[in-house]
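Listed below, chain by chain, are the residues.
2 protein chains.
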Amino acid sequence: MNFKDYTCQDFCEILASKAPVPGGGGASALAGALAIALGNMVGNLTIGKKKYASVEEEILACNVQAEKLRLRFLELIQADGDSFAPLAAVYRLPSGTEEEKAIKEEKLQVALVDACVVPEQIMECCMEALRLIDIYEAKGSVMAVSDAAAAALLAKSALSAAALNLRINAKSLRDRVIAEDILGRMNAWIAEGDTLADEIYTRALNKLN
Amino acid sequence: MNFKDYTCQDFCEILASKAPVPGGGGASALAGALAIALGNMVGNLTIGKKKYASVEEEILACNVQAEKLRLRFLELIQADGDSFAPLAAVYRLPSGTEEEKAIKEEKLQVALVDACVVPEQIMECCMEALRLIDIYEAKGSVMAVSDAAAAALLAKSALSAAALNLRINAKSLRDRVIAEDILGRMNAWIAEGDTLADEIYTRALNKLN
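Taken in order, these protein sequences are the chains called A and B.
The C-terminal residue of the first sequence carries number 209 in this note's numbering, and the numbering is unbroken.
The C-terminal residue of the second sequence carries number 209 in this note's numbering, and the numbering is unbroken.
Treat the hints as calculated values from the structure; they're not laboratory data.
Please read these numbers as outputs of a predicted model, since none were measured by experiment.
Among the hints, a few may not be true.
As the list claims (entries may be wrong) - Derived BS3-like pairs (lysine-lysine); straight-line CA-CA distance at most 25 Å:
#1 171/B <-> 171/A
#2 18/B <-> 18/A
#3 50/A <-> 171/A
#4 171/A <-> 104/B
#5 18/A <-> 68/B
#6 171/A <-> 68/B
#7 171/B <-> 207/A
#8 171/A <-> 18/B
#9 51/A <-> 18/B
#10 50/A <-> 18/B
#11 18/A <-> 50/B
#12 18/A <-> 171/B
#13 139/A <-> 51/B
#14 49/B <-> 139/A
#15 51/A <-> 171/B
#16 207/B <-> 207/A
#17 49/A <-> 18/B
#18 18/B <-> 68/B
#19 139/B <-> 18/A
#20 68/A <-> 101/B
To be verified - The following label-pair restraints were derived from C-beta to C-beta distances:
#21 191/B <-> 176/A: 32 to 42 Å
#22 2/B <-> 2/A: 14 to 24 Å
#23 138/A <-> 142/B: 36 to 46 Å
#24 20/B <-> 89/A: 12 to 22 Å
#25 208/A <-> 86/B: 13 to 23 Å
#26 142/B <-> 95/A: 39 to 49 Å
#27 195/B <-> 98/A: 16 to 26 Å
Every residue gets a Cβ at the ideal spot worked out from N, C-alpha and C, and that includes glycine.
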């Protein structure tokens, strides 16, 4: 069964278990889905209101993006779990002889690069979520501004939580050019995403106070 | 149906809709459940390991607390939704005459105080989650330290997201003694929780690097 089809209760139960997946990566993808869903809620509370007629078209366009992004995040919960299997298989390879060690190390290096794909995708989705939440907070219904603020908080935490698997994988990469490339993108996303999330949250708090 | 029994996909879909609940409060409770589930996962990856035999008893005790707390968070998703209904009912009361206005305002003041109960409970649970995650990070398996870090990030965002409903309700409270009391507790939790979450996250990153 796909992780997105588990009930919230059951998903949390398998997350809590010692099963390797879902783990921090899957939890970050679900947190990202919650974040963009909250943003989308702000959009849905904005459209059809006279007061916001001038931004209606822009909000409708954001809603289309937000729905796609929510479904993408939900798929990434499963993708994150699936992408762990090849890495786990490599870790189980024998390493008794020097030859076995060399083969295992070579396969590990390939598997580590592959295992970075999904966490990077989750981070990219978090960035896209924050850009949409930015618009929802700025132009959406002020009645729902606290939901935009909550969305920004959740997207920010999902962004840094997804990055943790990149940090782990990059650490074991022997090819430092690839590793620094991955870490460079990761750091740029966190710097940009944290700043944007803090801006959204601060603006929302100012409207609430 | 109880919100915890929705699939992750369906929960995110109703969260995204313009239905007033679930909203930021429910999302924060689910994020809290994800956080403590990740902490619990660290605990479950720690017990039964020779290397961690000296902390086994403490971790087992944490696991009991973590499981209770996860179920409590999941119930609070629904409780947050349910606690919005009385407030919404008051907002729908007529306010045409001075008498109606006075009655509505009086009922509103009572409903606002009541509506602070569940958000405060979510915040308290986030604080308890962070205290457990602190132990899991410090004493649990270092192999799962990234999951403890992700847990701290999610619990921190859930804490501040839950606080948003307190900010809104407290703002409309005429009784400033009650309002300041609520906001005082809220600010203390955020100050303590943010500091603790940042400490856990920093310690975990140091182990990862």
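Status of the hints after comparison with the structure:
Of the pairs offered as hints, the one joining residue 171/B and residue 171/A is violated, with about 48 Å between alpha carbons and a cut-off of 25 Å exceeded. Distance restraint check for residue 18/B and residue 18/A: the Cα-Cα separation of roughly 37 Å exceeds the 25 Å cut-off, and the hinted pair is therefore not satisfied. Only pairs whose Cα atoms come within 25 Å are accepted, and residue 50/A paired with residue 171/A is rejected, the gap being roughly 53 Å. About 61 Å separates the Cα atoms of residue 171/A and residue 104/B, which puts this hinted pair outside 25 Å; it is violated.
At most 25 Å may separate the alpha-carbon atoms for a hinted pair to count; residue 18/A and residue 68/B meet this at roughly 17 Å. The straight-line distance between the Cα atoms of residue 171/A and residue 68/B is roughly 35 Å, outside the 25 Å bound, and the hint therefore fails. The hinted pair formed by residue 171/B and residue 207/A meets the criterion: a straight-line CA distance of about 11 Å does not exceed 25 Å. Our distance criterion of 25 Å between C-alpha atoms is broken by residue 171/A and residue 18/B, whose separation comes to about 44 Å.
Taken as a hint, the residue 51/A and residue 18/B pair is honoured in the structure, with Cα atoms around 17 Å apart against an allowance of 25 Å. Restraint check for residue 50/A and residue 18/B: satisfied, since their Cα atoms lie roughly 16 Å apart, inside the 25 Å limit. Note on residue 18/A and residue 50/B: the hinted pairing holds, with a Cα-Cα distance of about 16 Å set against a maximum of 25 Å. Restraint check for residue 18/A and residue 171/B: not satisfied, since their Cα atoms lie roughly 44 Å apart, outside the 25 Å limit.
About 54 Å separates the Cα atoms of residue 139/A and residue 51/B, which puts this hinted pair outside 25 Å; it is violated. Using a Cα cut-off of 25 Å, the hinted pair residue 49/B and residue 139/A is violated, with the two alpha carbons roughly 53 Å apart. With a C-alpha separation of about 23 Å, the suggested pairing of residue 51/A with residue 171/B holds against the 25 Å cut-off. Proposed proximity of residue 207/B and residue 207/A is contradicted: the alpha carbons are some 40 Å apart, above 25 Å.
Proximity of residue 49/A to residue 18/B is assessed by CA-CA distance (about 12 Å); at most 25 Å being required, the pair is judged to hold. Simply put, residue 18/B and residue 68/B have alpha-carbon atoms about 32 Å apart, too far for the 25 Å limit, and the pair is violated. With a C-alpha separation of about 16 Å, the suggested pair residue 139/B and residue 18/A falls inside the 25 Å cut-off, and the hint holds. Straight-line distance between C-alpha atoms of residue 68/A and residue 101/B comes to about 44 Å, which puts the hinted pair past the 25 Å bound.
For the hinted restraint 32 to 42 Å between residue 191/B and residue 176/A, the CB-CB distance of approximately 40 Å keeps it satisfied. Evaluation of the 14 to 24 Å hint for residue 2/B and residue 2/A yields a pass: the beta carbon distance comes to about 22 Å. The hint said 36 to 46 Å for the Cβ distance between residue 138/A and residue 142/B, and at roughly 43 Å that hint holds. Distance hint check for residue 20/B and residue 89/A: the Cβ-Cβ separation is about 47 Å, which falls outside the suggested range of 12 to 22 Å.
A beta carbon spacing of about 21 Å between residue 208/A and residue 86/B agrees with the range 13 to 23 Å that was offered as a hint. Checked against the hint of 39 to 49 Å, the C-beta distance between residue 142/B and residue 95/A comes to roughly 21 Å, which is inconsistent with it. In this structure the supplied range 16 to 26 Å is violated for residue 195/B paired with residue 98/A, their Cβ-Cβ distance being about 49 Å.
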